[in-house]
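**Q** The sequence shown begins at 800 in this note's numbering and counts up one residue at a time.
A few of these clues could be false.
To be verified - Simulated pairs of lysine-lysine, DSS-like, Cα-Cα distance not exceeding 27 Å:
id, residue 1, residue 2
1, Lys1034, Lys1014
2, Lys882, Lys901
3, Lys974, Lys887
4, Lys1001, Lys1026
5, Lys1001, Lys1014
6, Lys846, Lys858
7, Lys904, Lys846
8, Lys846, Lys1001
9, Lys1120, Lys1085
10, Lys846, Lys882
11, Lys901, Lys856
12, Lys1017, Lys980
13, Lys933, Lys886
14, Lys1093, Lys1076
15, Lys1014, Lys1120
16, Lys1034, Lys973
17, Lys929, Lys886
18, Lys846, Lys1023
19, Lys959, Lys1001
Unchecked claim - Quick list of simulated restraints, FRET-style, between CB atoms:
id, residue 1, residue 2, range
20, Lys1034, Glu957, 42 to 52 Å
21, Asn958, Glu849, 24 to 34 Å
22, Lys980, Trp1094, 38 to 48 Å
Derived by calculation from the structure, the hints in this document are not laboratory data.
Since the structure is predicted, the reported quantities are computational estimates derived from the model, not experimental observations.
Even for Gly, the Cβ is constructed at its ideal location relative to N, Cα and C.
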Amino acid sequence: MSQILDFQNRNSKSWMDGKEKKPNIYFMRAKFEVDDEFYTSYHEIRKEMEDYEEYFKNKIIICPCNDGFRSNFYHFFNLNFQKLELKKLITTTFNLNDPKAKGTKIEVTENGITETELQGRGDFRSDEVKELIKQADIIVTNPPFSLFRDIIEIAIEENKQFLIVGGTYSITYKKIFELYKQGKIWLGNNQVQIFTRPNGTKKRFSNISWFTNLKSVKHLEPIKLTKKYRYNEDKYPEYDNYKIIEVTNYKNIPIDYYGVIGVPLTFFLRHNPAQFKILGCDFEIKDLYPELVKWDYKENNTRSAVLNGQEMFTRIIIQRKSGLKPRAMLKNQI
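Modelling step: build the complete structure from the supplied sequences, incorporating the hints.
**A** Written as structure tokens, this is what we have:
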């Protein structure tokens, strides 16, 4: 179960505020409206959890943005309680439709299932639910899109392991991006595509990911590079405003290019820090690496990467690990 956001009181901003990007309009609208309730499917949960089973043994799992016995997070961990050798499962509920309703706590142990009424509504930001989070080892949940940063902040403050669903673009938020560069958070192994609305209808997204601090085998493997830049330069155009080439998919990163590259956010699904260095997001490159800005854009630069006159959706700027500074491998183009 997710929770409603008091939008008038929220004042946190992302690096994307005020930027004319081209995101999934429906998803971005959901982020800022009260209607941001999307429930994760059992299949999507099982698909991701299979890669982390070793972490669950003898652990307390908490799902603090839950929908009671109807939640697929509850179903998955309850049905697989013995297989995963869990110590305890805790879920808390929040009644979106009734502001006077008390939340509930459901606990599953080897001795059975108990349901207890909470003193408050079950908001995961409340002291009551935070105390339950402190008792747990791993947070697994799908918060409302609008409250993603709140649950991440709690997880980091309480030093908890976590698997949390959020918009892939969230990695460009300043605090989230800093956590990524510090090695404290990264994207999981799969994107989440199918969600159920409170009215029972389905909605498909292409930009939702798992955020976690749990390692898996996939993140220890380098990206297999099979494409070549030489003789295929036309497939890797430079941005209008940056001396950086565009690579439309991490699978297309050329094996023979050591210059600076712009890739979409999905690159984080397979990023191995030992293979690629993150230089930053496109809209901070002007300040961090002014030598990468083409001369005619230095005075009037959109900051976001521009290709053929069109502003790109957020690009992550990367370079192969080689010990060289970015300027050393640049083509001499202005």
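**Q** Verify the proposed pairing of Lys882 with Lys901, using a straight-line Cα cut of 27 Å.
**A** violated (32 Å)
**Q** Within 27 Å, alpha carbon to alpha carbon, are Lys1014 and Lys1120?
**A** holds (21 Å)
**Q** For the pair we were handed, Lys1034 and Lys973, check the Cα-Cα distance against 27 Å.
**A** Outside the cut-off at roughly 31 Å; violated.
**Q** Should the hint that Lys1034 and Glu957 are 42 to 52 Å apart at their CB atoms be regarded as holding?
**A** holds (46 Å)
**Q** Keeping to a limit of 27 Å between CA atoms, is the pair of Lys959 and Lys1001 held or broken?
**A** With Cα atoms ~31 Å apart, Lys959 and Lys1001 exceed 27 Å; violated.
**Q** Holds or violated: Lys904 with Lys846, Cα cutoff 27 Å?
**A** holds (26 Å)
**Q** Given the hinted pair Lys846 and Lys882, is their Cα-Cα distance within 27 Å?
**A** Status holds; Cα separation ~15 Å.
**Q** Check whether the Cα positions of Lys846 and Lys1001 lie no farther apart than 27 Å.
**A** Holds, at roughly 18 Å.
**Q** Does Lys858 sit within 27 Å of Lys846, going by the straight-line distance between their CA atoms?
**A** Roughly 20 Å separates the two Cα atoms, so the pair holds.
**Q** Under the criterion that the straight-line Cα-Cα distance not exceed 27 Å, is the pair Lys933, Lys886 satisfied?
**A** Distance ~15 Å between Lys933 and Lys886 Cα, so the pair holds.
**Q** Taking 38 to 48 Å as the hint, is the beta-carbon distance of Lys980 and Trp1094 inside that range?
**A** At roughly 29 Å between Cβ atoms, Trp1094 and Lys980 fall outside 38 to 48 Å, so the hint is violated.
**Q** Is the hinted pair Lys1001 and Lys1026 satisfied, with a Cα-Cα distance of at most 27 Å?
**A** violated (37 Å)
Figure legend: structure checked against the earlier numbered hints; hints not met, in rising order: 1, 2, 3, 4, 5, 11, 16, 19, 22.
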